[in-house]
Amino acid sequence: MEPISVIRSRTVVLPYDDIDTDQIIPARYLTTTTREGLGDAAFADWRYDEKGQPRPDFELNQPEAQGCAVLVAGNNFGCGSSREHAPWALYDYGIRAVISTEIADIFRSNSLKNGLLPVVVDRDTHAWLLANPGAEVSIDLGECRVGLPNGHEVEFAIDGFSRYCLMNGIDQLGFLLQQEEQIRNFERNRPWQP
Amino acid sequence: MSAKSLFEKVWDDHVVVPESADHPAVLYIDLHLTHEVTSPQAFSVLRERGLPLRRTDLTLATMDHSTPTLPVRSFRDLQVVAEPKAASQIVQFEKNCAEFNVTLHGFDSEHRGIVHVIGPELGATQPGKTIVCGDSHTSTHGAFGALAFGIGTTEVGHVMATQCLLQRRPKTFAVNFEGQLGDGVTAKDMILALIGQIGVGGGVGHVLEYRGSAIAGLDMEQRMTICNMSIEAGARAGMIAPDDTTIEYLAGRPMVPQGAAWDEAVARWRALPSDPGARFDREVTVDVSALRPMVTFGTNPGMVVAIDEAVPERSDPNFRKALDYMGVTAGRPLAGHPVDVVFIGSCTNSRLSDLEQAASVLRGRRVAEGVRMLVVPGSQQVKKAAEARGLDRVFTEAGAEWRESGCSMCLGMNGDTVPSGQLAVSTSNRNFEGRQGQGARTVLASPVTAAASAIAGSVADPRPYLAN
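Line order of the protein sequences matches chains A and B. Quick note, the first sequence lines up with residues 0 to 193 if you use numbering that gives the first Met the number 0. Quick note, the second sequence lines up with residues 0 to 467 if you use numbering that gives the first Met the number 0.
Honestly, the hints are just simulated from the structure, not real lab data. Since the model is a prediction, treat every value here as computed from it, not as a measurement. Glycine included, C-beta positions come from ideal geometry on N, C-alpha and C. Careful: at least some of the hints might be erroneous.
Calculated Cβ distances over 12 Å to all of chain A for the following chain B residues [as the list claims (entries may be wrong)]:
id: 1; residue: Asp29
id: 2; residue: Arg53
id: 3; residue: Ala85
id: 4; residue: Thr102
id: 5; residue: Leu180
id: 6; residue: Ala234
id: 7; residue: Arg278
id: 8; residue: Ala289
id: 9; residue: Gly330
id: 10; residue: Ala387
id: 11; residue: Gly433
Within a straight-line C-alpha distance of at most 30 Å, the following computed DSS-like cross-link-like pairs (lysine-lysine) qualify [to be verified]:
id: 12; chain 1: B; residue 1: Lys84; chain 2: B; residue 2: Lys94
id: 13; chain 1: B; residue 1: Lys8; chain 2: B; residue 2: Lys170
id: 14; chain 1: B; residue 1: Lys94; chain 2: A; residue 2: Lys50
id: 15; chain 1: B; residue 1: Lys320; chain 2: B; residue 2: Lys94
id: 16; chain 1: B; residue 1: Lys94; chain 2: B; residue 2: Lys383
id: 17; chain 1: B; residue 1: Lys320; chain 2: A; residue 2: Lys50
Please work from the sequences and hints to get the whole structure.
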């Protein structure tokens, strides 16, 4: 995983509330056995019609949306299934951070393990971002701050451990494997066995 | 010692390394359920790193999401009836399970079925356990007083390699269901009403505990329906304290402790319910006496009304987008809206009692002309039990299709889909855009409401169809 420190990008805005994982990647793409190449499936049913033609009115299909690495979404992004294919697809498409007022638990957890930064901001900042698509923002993971082009800066919260892993580009399995001794003790000493 | 909630007791019992500012808690997992869709990339990680699957004895596998619901007796059948990519995913899963010594309930197993149906059925799901699966509806198992939640594929790999997960402790949320359910009103209507009340993000960051007189009166299958949809309120887990109903359900199941170990387990389970005075971060109360059968009208499970209640009129663009997608008119009840497909199945409502309820409405009646009705039992065991009771004949004589077990039309991965623009009344859990097929429209409802709608050919109140 590539280390993250600062993400600078124009935003693309999807102003819809409760965008679920079936929109982020429809279930028919989940028959894959790898995690690569899912960018084409990101928002597939919103991006393409049933003949596979791009839908001209969809936000991600606009010329100015090309190359944007920061997605601003309506309230409560990523609800629904546990499919990690959702952050895999967004990352492969080129998204590096998602900003909303609330991000669903499993989607957030999956994103943090794949170099995709979930950023929760207050309602006022969110409203400004929704109203200003294409704004050049800067997300500083070291400082936990989002900088807006109007000079405004807001803090965001992120679990310290996940932040450390993201900034150093390391995965969390290594940490768990180092706990082997404690895990073995737990298994030996617990009062009942599953 | 301070009063603890059910969740706190189970959590505390599984902390291997406590959480700190530097890292989340290392939480031990007692049961890892796995299926073909969310595991392949995790098996690949084990292979890349040369790691064994640490506790094969605490791992249970089945295939359910992409499996066809037409009969498959061999891999040759599979190549014929399954989508090519789904077939290769299933074949890969067999190989992975064999290579890593995981017990797999595959096509040759009489215990194959939806992972959240077979766990309880086998007695692998037990009170006080931590249970995970790469599937958000793992919350189902909370009905037994287990702490059960869905995880992503990276975490599936963590559990395979270490039997542990890194987790921050969630907040707690007590949901009191009080009162007595009326005829034709079910657990499905209770959970839909709750989601309508607190919203699809209402439970984010929390573990729900369902309690109160209305929960105590439910059987285990209805309790599973409630816990199953916790995730639809944004909560990763929902729990119900074990009681006599729980213990009676588990007694004699293949994977429960035997002999003296059973008595010890029961004594331990009896101590799990929340202590008097246990504190919760949030609490709501729902009076179920006033509930009517519930149906969703929009594109998330929080957009829900009673069957005879008008769909609300709101001007916000998200709301109007959902109604446009659904082809539903605001200001009118959903009852009477034409139906193309009826699906009875999914980890929410595919157990024997769900099928019995649907059959009680259909018995001696016909599915309306032009409506396709698909009935998919939750497991091969449910299928066998239903056939022993003649339920399959009730369905087929009414004009419905009776299938092999699997997730099927809940998420349309196996070829069972709702055509674009058509409307399905479904006993599943998600009415998201395109969930049941590209362009498909979904109305979530209970098995009796779904069955009544099949007969009427339009969204229908089940109560006039119930036998007295």
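Worksheet item: Hint by hint, which ones does the structure fall short of?
Response: 1, 2, 3, 6, 11, 14, 15
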